[in-house]
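Use the sequences and the hints to build the structure in full.
Heads up: the sequence lines are chains A and B, in that order. Under my numbering, think of the first position of the first sequence as 2, with each following residue one higher. Under my numbering, think of the first position of the second sequence as 2, with each following residue one higher.
Hints are computed from structural coordinates only; laboratory data are not their basis. Don't take each hint at face value.
Identical copies carry no separate label here, and so any pair may be met within one copy or between two of them.
[To be verified] Calculated pairs, DSS-like style, for lysine-lysine (alpha carbon to alpha carbon, straight line, at most 30 Å):
1) K33 - K58
2) K48 - K58
3) K48 - K33
Residues per chain are reported as follows:
Number of protein chains: 2
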Amino acid sequence: MARRKPRPTIREENERALIEAAEWVFAEQGFKGATTAAIARRAGVPKANLHYYFPTKEGLYRSVIERVLTAWLAAASSFDTSDDPTLALSAYIGAKMDLARLMPLASRIWSAEIMRGAPIIQDFLDTTLTEWVASRERVVRRWIAAGKLKAIEPRFLFYMIWATTQQYANAAHEMATLNGGAPLSDKAFQRAKSEAIEIILRGVAA
Amino acid sequence: MARRKPRPTIREENERALIEAAEWVFAEQGFKGATTAAIARRAGVPKANLHYYFPTKEGLYRSVIERVLTAWLAAASSFDTSDDPTLALSAYIGAKMDLARLMPLASRIWSAEIMRGAPIIQDFLDTTLTEWVASRERVVRRWIAAGKLKAIEPRFLFYMIWATTQQYANAAHEMATLNGGAPLSDKAFQRAKSEAIEIILRGVAA
DNA sequence: TATAGCTTTGACCAAATGGTCAAATGACGT
DNA sequence: ACGTCATTTGACCATTTGGTCAAAGCTATA
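Rendered as C-alpha cells:
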C-alpha cells in the first residue's frame, strides 16, 4: 500500500530551479541577507509558490547545502586516486581548484557556513568530515613514515589546501580588482592551479 | 569661532564600546544578520543611544571596518622588514598568522566583506591594496631575478598566504571540531604557524 | 548657580520579510 | 467528461528591524 506514484517532473523541475536561484542569492547575500522574495523572483515564480515547495527558508537553505556537500565529497575522492603523494596531492589540489572555479557559488556558501560556525552542517563536520580527515591523516603519516614527505602535521596541510583553493572562489572579486577589474582568465587560472600544486608539493616533499 | 572643545572622554568611550560590540555581532552574524538592537544590548546601552552615536548601521559597520583596515596595514608592513625573501616572507606570514589568532573577529569581518564583493571597502582595494600589491610584486620579481626565488607569479603567492593565514580565523570552529571540539592550543597554533611558514618558503625557494 | 549644550531613553513608526490561506487553475488517469 | 490531486497565486498577517523624536537628565564653565 501507499505506493508512491513516480510523477516527479513538475515538482522536480520546480525544486531544481528554486534551489538554483537560492544558491545564487544565498551566495551573494548570505543566509540572513537572502530574502525568499528575491529567490522567488530569480526563479521566476511567485513567493507563495516557493513556500509551497519549501515551507521554510531554512529548509531551502538545507537543500542548497546538500548540493554543496555532494560536490565537496566528489572532489575529496580525488585524493584517493593514487598511493603516491605527488600524484594524490596534485589530483586533490587540482580537483579543489576546479571546484572553486566551476562552482564558485557552492564554494562561497560552504565558506560562509563554516565561518558562521557551521550551524547547519555541524553534523557533517562531526561525522563524515571527521572520518575523512582521520583516514587521510593516516595516509599522510604513512607517506611521512616512508620518507616521502617532510614530517608535517597532516591537518595543517589540509587547512592550507582548503584555504588556498577556496580563495579562488571566495576572493574572486578581490582578485579581479587586482587584475585591473577583469576576472582571472582561464589561462591565468590554470597557472594559478599549477603554481598552487607546485608550491605545496615542494613545500612538503621530503 | 566655533572652537571645538576637546571633551572627548564620554563620546570616545561610548563609541569605542559600541564599535567593540558591533565587531562581535557583525563577525558572528554578518552585516545583514546583525541587528542594531543586538549590538546595543551587547554594549549595554539602549538602542536609541546607539543611533545617537552612529546614525546608521552602515556607518557603524564602516567604523568597524576602519579598525580592521588599520590592523591589516600594520601586519602588511612586516613584509618590509627585510630584503631577504626568507626573512621578509617569514615575518609577513607570521604577522598574518598572529593577526588571525589575536583578532579573529576583525579577520572574519574582512573575509566576509571580501566575499560579498567588498561593497564597503572597494575604494581601499582600488587604491591602497592595489598599490601595496604592485609594489610588493616588484620586490618579489626582484628576488626572482636575483635567483632567490622560483619563477612564480607573485600574486598567487600572496593569495596563498592570505588564504592560509585567514583560515585560522575563518575556520576556527571547523578546526576545533576536527580537534575533538577544543580550539587549537597555543602550542598547536605555534606549530601551525611555523609549518605554514616552512611549507611556503620551501615551496618558493629557488 | 544659571544655562547652554551634551547625553540618555522610552515610545513610536514605516518598511521589509517570512510565512499563511483559500480560491482558482491545471494535469491526468479512468 | 469527470473527479481527484497537485500546482499556482494574490491578498493578507504578525513580527522584526532600522531609524526617529521629544522630553528628561547631565556636565561643565562663566
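Evaluation of the provided hints:
In this assembly of identical chains, K33 and K58 lie within 30 Å of each other by CA distance both inside one copy and across copies; the values are 10 Å within and 15 Å between. Taking identical chains as interchangeable, the C-alpha atoms of K48 and K58 lie at most 30 Å apart whether they share a chain (11 Å) or sit on different chains (28 Å). Taking CA atoms no more than 30 Å apart as the test, K48 paired with K33 passes in both settings, with 17 Å inside one copy and 21 Å between copies.
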